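Make the full structure from the sequences, and use the hints.
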Amino acid sequence: MFREGHAPFPCAIGGLVGCFGLRMRNEQGGMSTRRCVAGLAVVLVLSSQARRATAQAGETAAQQVEVTAARPGPHDEKTLAQLLSAREAFERHHALAPAAILAFRLYPRLHPQDLPGMRLYLVDGNRRREVSLDDQQRFALDPTWTRADADRGVLLQTSLPDGAVAWKVDVRTPGIAADRRRLGDLRLECEADTFHGNLQRGLRTPMSAVLDASDELCLLDDAQVWFAERPIFGVTLVSGARRRTLPYDYLHGSTGTMALAGLFDWPYALRDRAYFLPLDDRSWPDDTEVVFDAMDDPQPGATP
Amino acid sequence: MSAPRVAALVVVLAAVCAGGCSSVGNGRIAQLDDAHAQALLVPGRTTRDDARQALGDGAVIRFQSGMETWRYQYREGIAKGWDDVPYVNLVVARIDPLTRELVLLFDASGVLRRWSLQAYRARHDAAAPP
Chain A
14 MFREGHAPFP CAIGGLVGCF GLRMRNEQGG MSTRRCVAGL AVVLVLSSQA
64 RRATAQAGET AAQQVEVTAA RPGPHDEKTL AQLLSAREAF ERHHALAPAA
114 ILAFRLYPRL HPQDLPGMRL YLVDGNRRRE VSLDDQQRFA LDPTWTRADA
164 DRGVLLQTSL PDGAVAWKVD VRTPGIAADR RRLGDLRLEC EADTFHGNLQ
214 RGLRTPMSAV LDASDELCLL DDAQVWFAER PIFGVTLVSG ARRRTLPYDY
264 LHGSTGTMAL AGLFDWPYAL RDRAYFLPLD DRSWPDDTEV VFDAMDDPQP
314 GATP
Chain B
197 MSAPRVAALV VVLAAVCAGG CSSVGNGRIA QLDDAHAQAL LVPGRTTRDD
247 ARQALGDGAV IRFQSGMETW RYQYREGIAK GWDDVPYVNL VVARIDPLTR
297 ELVLLFDASG VLRRWSLQAY RARHDAAAPP
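Sequence lines, in order, name chains A and B. Sequential numbering of the first sequence, starting at 14, is according to the working numbering. Sequential numbering of the second sequence, starting at 197, is according to the working numbering.
Just so you know, not all the hints are guaranteed correct.
Distance windows between CB atoms, simulated [as the list claims (entries may be wrong)]:
id	chain 1	residue 1	chain 2	residue 2	range
1	A	G176	B	S261	18 to 26 Å
2	B	V238	A	R141	50 to 58 Å
3	B	A233	A	D294	38 to 46 Å
4	A	H124	B	D253	24 to 32 Å
Only some residues are given here: those of chain B computed to face chain A with a beta carbon under 7 Å [what the hints assert, rightly or not]:
id	residue
5	V256
6	P282
7	E297
Honestly, the hints are just simulated from the structure, not real lab data. The structure presented is a predicted model; accordingly, all values stated were derived computationally and were not measured. Even glycine gets a Cβ: it sits at the ideal position worked out from N, Cα and C.
See the structure below:
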């Protein structure tokens, strides 16, 4: 629910909210448009009569009316408590990426065209203010956001409907080229997210809770999905002279059934950028480079 | 080891071997090497129909962009389905069979853009020469 106080034209707004409420129910419960129009007409007649009565009585005092209405559907949001928990896990596992900086990133999960209209707000009770996003839709935790705010229920809310946004912890060591990531950064993202920030969608099974309690969850190769900057056709781990091009099993959610895929972040707009990593193989050092082969890169060895 | 246990192990191994190799496609990638792949798969020219005719149907993933990947796999020795059978999967992991994998990338008009061919074992980093 949101509140709007000190409405200058309370009767007109009351009519609009009345119709809006009917439309909401029409979408959700089958209320007809005809009823909505009829309802609006009744409200307009009543408001006209009320204005006439007020004029006749010669009342000039200003009115203050508080209008309450349902939001037009829930927005995609996370609690500040989740983000602070992610930061605590980031600090606990910071040795994986000692020079890295923590941020959070938003991706349009369902439709790429949602990107231009995506906004983020800090919502504290009835107040909200916009949180600025950089050109990669990232934001950092404001130092003034406290655990006390989180305990009060402060939210980070997007302008898009629930389900339209994928939220990711974003850990970056400065100086890494744009076409690659550092494995330790990605391991740290997993630690900060899974069962701490709890930002990615997925199934939280009792077994994964047990593994998390023993700090072993991010040693499973399907614990976390990541998204490259562009659609990818291959991922290669490089550590000095050692290289491993990952099998296609690690790309695009290509293994297993799609029956429950809708519960996760990757099956829609982000699928062509999605990859997993062999987190179970601890022999790769944190400084390993994760190098992407983009779909629109040329075929290796092809003559132009 | 007791006689019944030996018998049980023999049955399991026999079942594993009876599973044979597993493949997606018509199995031709078992013999496909880089040179043959370069002759067969020409980005900008090869079409989905060409690929289907030469290699059979791959496992397809379609993206919102209209691009799609076709994956072909061939694994020597043991059918992939056994990976999900308790205890048998331990035997499979021990054997670590060679898998050959060909992935094709088609654009929205059905023309090949990229391909990759590799052979790998699950427990080894370096890919074997395809």
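Quick rundown of the hints versus the structure:
1. Distance hint check for G176 of chain A and S261 of chain B: the Cβ-Cβ separation is about 21 Å, which falls inside the suggested range of 18 to 26 Å.
2. Evaluation of the 50 to 58 Å hint for V238 of chain B and R141 of chain A yields a pass: the beta carbon distance comes to about 56 Å.
3. Range check, A233 of chain B to D294 of chain A: about 28 Å between beta-carbon atoms, so the 38 to 46 Å window is missed.
4. A hinted range of 24 to 32 Å for the beta carbons of H124 of chain A and D253 of chain B is consistent with their spacing of about 30 Å.
5. At a threshold of 7 Å, the smallest CB-CB gap from V256 of chain B to chain A is about 10 Å, leaving the interface hint violated.
6. A least Cβ separation of about 16 Å between P282 of chain B and chain A goes past the 7 Å threshold, and the interface hint is therefore violated.
7. With 7 Å as the threshold, the beta carbon of E297 of chain B comes within range of chain A, its nearest partner Cβ sitting at about 6 Å, so the hint holds.
In this structure, the hints that do not hold are numbers 3, 5, 6, in rising order.
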